[in-house]
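With this note's numbering, letter number 129 in the sequence shown gets 131, and the count goes up by one each step, no holes.
These aren't lab readings, by the way, just hints derived from the structure by calculation.
Being a predicted model, the structure only gives us computed values, none of them experimental.
Beta carbons: idealized from backbone N, C-alpha and C, even for Gly.
Watch out, some of these pointers could steer you wrong.
[As the list claims (entries may be wrong)] Here are the in silico distance ranges between beta carbons for each label pair:
| hint | residue 1 | residue 2 | range |
| --- | --- | --- | --- |
| 1 | E161 | G52 | 17 to 25 Å |
| 2 | A143 | V55 | 22 to 30 Å |
| 3 | A158 | E193 | 25 to 33 Å |
| 4 | T79 | H219 | 34 to 42 Å |
| 5 | Q22 | M148 | 23 to 31 Å |
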Amino acid sequence: MRILAIDTSLGSGSVAAVDQDGSAERPLGPAGGHARVLTAALAEVAAARGWGVGPQVLGSLGPSDVVAVIRGPGSFTGLRVGVAAAKALAWTTGARLVGVSGFDVLARRAARVAGWHDEPIAIAYDAGRGDVFAATAKPTADGWIMAPAILAPLDAWLESLPAGGRVTGPALEAASERITARNDLAVASPEAWHPLAAEAAAIARARAVADDVDDPHTLLPDYLRPSYAEERKPPAAG
Numbered sequence: 003m004r005i006l007a008i009d010t011s012l013g014s015g016s017v018a019a020v021d022q023d024g025s026a027e028r029p030l031g032p033a034g035g036h037a038r039v040l041t042a043a044l045a046e047v048a049a050a051r052g053w054g055v056g057p058q059v060l061g062s063l064g065p066s067d068v069v070a071v072i073r074g075p076g077s078f079t080g081l082r083v084g085v086a087a088a089k090a091l092a093w094t095t096g097a098r099l100v101g102v103s104g105f106d107v108l109a110r111r112a113a114r115v116a117g118w119h120d121e122p123i124a125i126a127y128d129a130g131r132g133d134v135f136a137a138t139a140k141p142t143a144d145g146w147i148m149a150p151a152i153l154a155p156l157d158a159w160l161e162s163l164p165a166g167g168r169v170t171g172p173a174l175e176a177a178s179e180r181i182t183a184r185n186d187l188a189v190a191s192p193e194a195w196h197p198l199a200a201e202a203a204a205i206a207r208a209r210a211v212a213d214d215v216d217d218p219h220t221l222l223p224d225y226l227r228p229s230y231a232e233e234r235k236p237p238a239a240g
């Protein structure tokens, strides 16, 4: 099984090509350039794994292969770019599509980087306007179960964390001083704060083996919050 993975969910994205013999990864750089460089970056990592050369390398994917994409949480523009590209690849090549939650990716990453395998992990994304979009990953024999995500003020979320709680996620980058003030928390190292395409590929592999894949016609991004225009839209009459 060959897996091509895409992460454009946050400011710094990445792509990865993974097969049974190894992987190739590439950062995408600043968010504003993701749409411009994504196709070339995918072709680059696929070629690095020896899947072919030139512009046709992505066309070498087929029904036994997987296109994985982090479907969110994340920015509106970034998620639209990544999910649209993944769906287009699945449609044109016949590869299976797996949309992966960034929460699942970060739980796996914290477990690998910090060795957190046996206790819940609180994961938070910066949702702007002083809020976080947060969920708690609970360990099981087969991986992680994610509690429903909530949108909450940062301070309220911090107050809800138990002493000794384990914490990671992109929100730590902007709120490090407030989180550090809770010196009773265990905070993951910065390398575990952001998702990576290669971690998404590992999750997608397990789901594909279990035939748990997504329909390219119905997969949608999972945004951090409704757009400002949607939040201000008056309720429908009647």
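E161 paired with G52, Cβ distance criterion 17 to 25 Å: Violated: the Cβ-Cβ distance is about 52 Å, outside 17 to 25 Å.
Cβ distance range 23 to 31 Å for Q22 and M148, holds or violated: holds, 28 Å
Hint check for H219 and T79 - Cβ pair distance inside 34 to 42 Å: violated, 22 Å
Beta-carbon spacing of A158 to E193 - inside the hinted bounds 25 to 33 Å or not: Between A158 and E193, where Cβ atoms are some 27 Å apart, the hint holds.
Distance restraint hint 22 to 30 Å, applied to the beta-carbon atoms of A143 and V55: Roughly 43 Å apart at Cβ, these two residues miss the hinted range, so it is violated.
Comparing the model with each numbered hint stated earlier shows that hints 1, 2, 4 do not hold.
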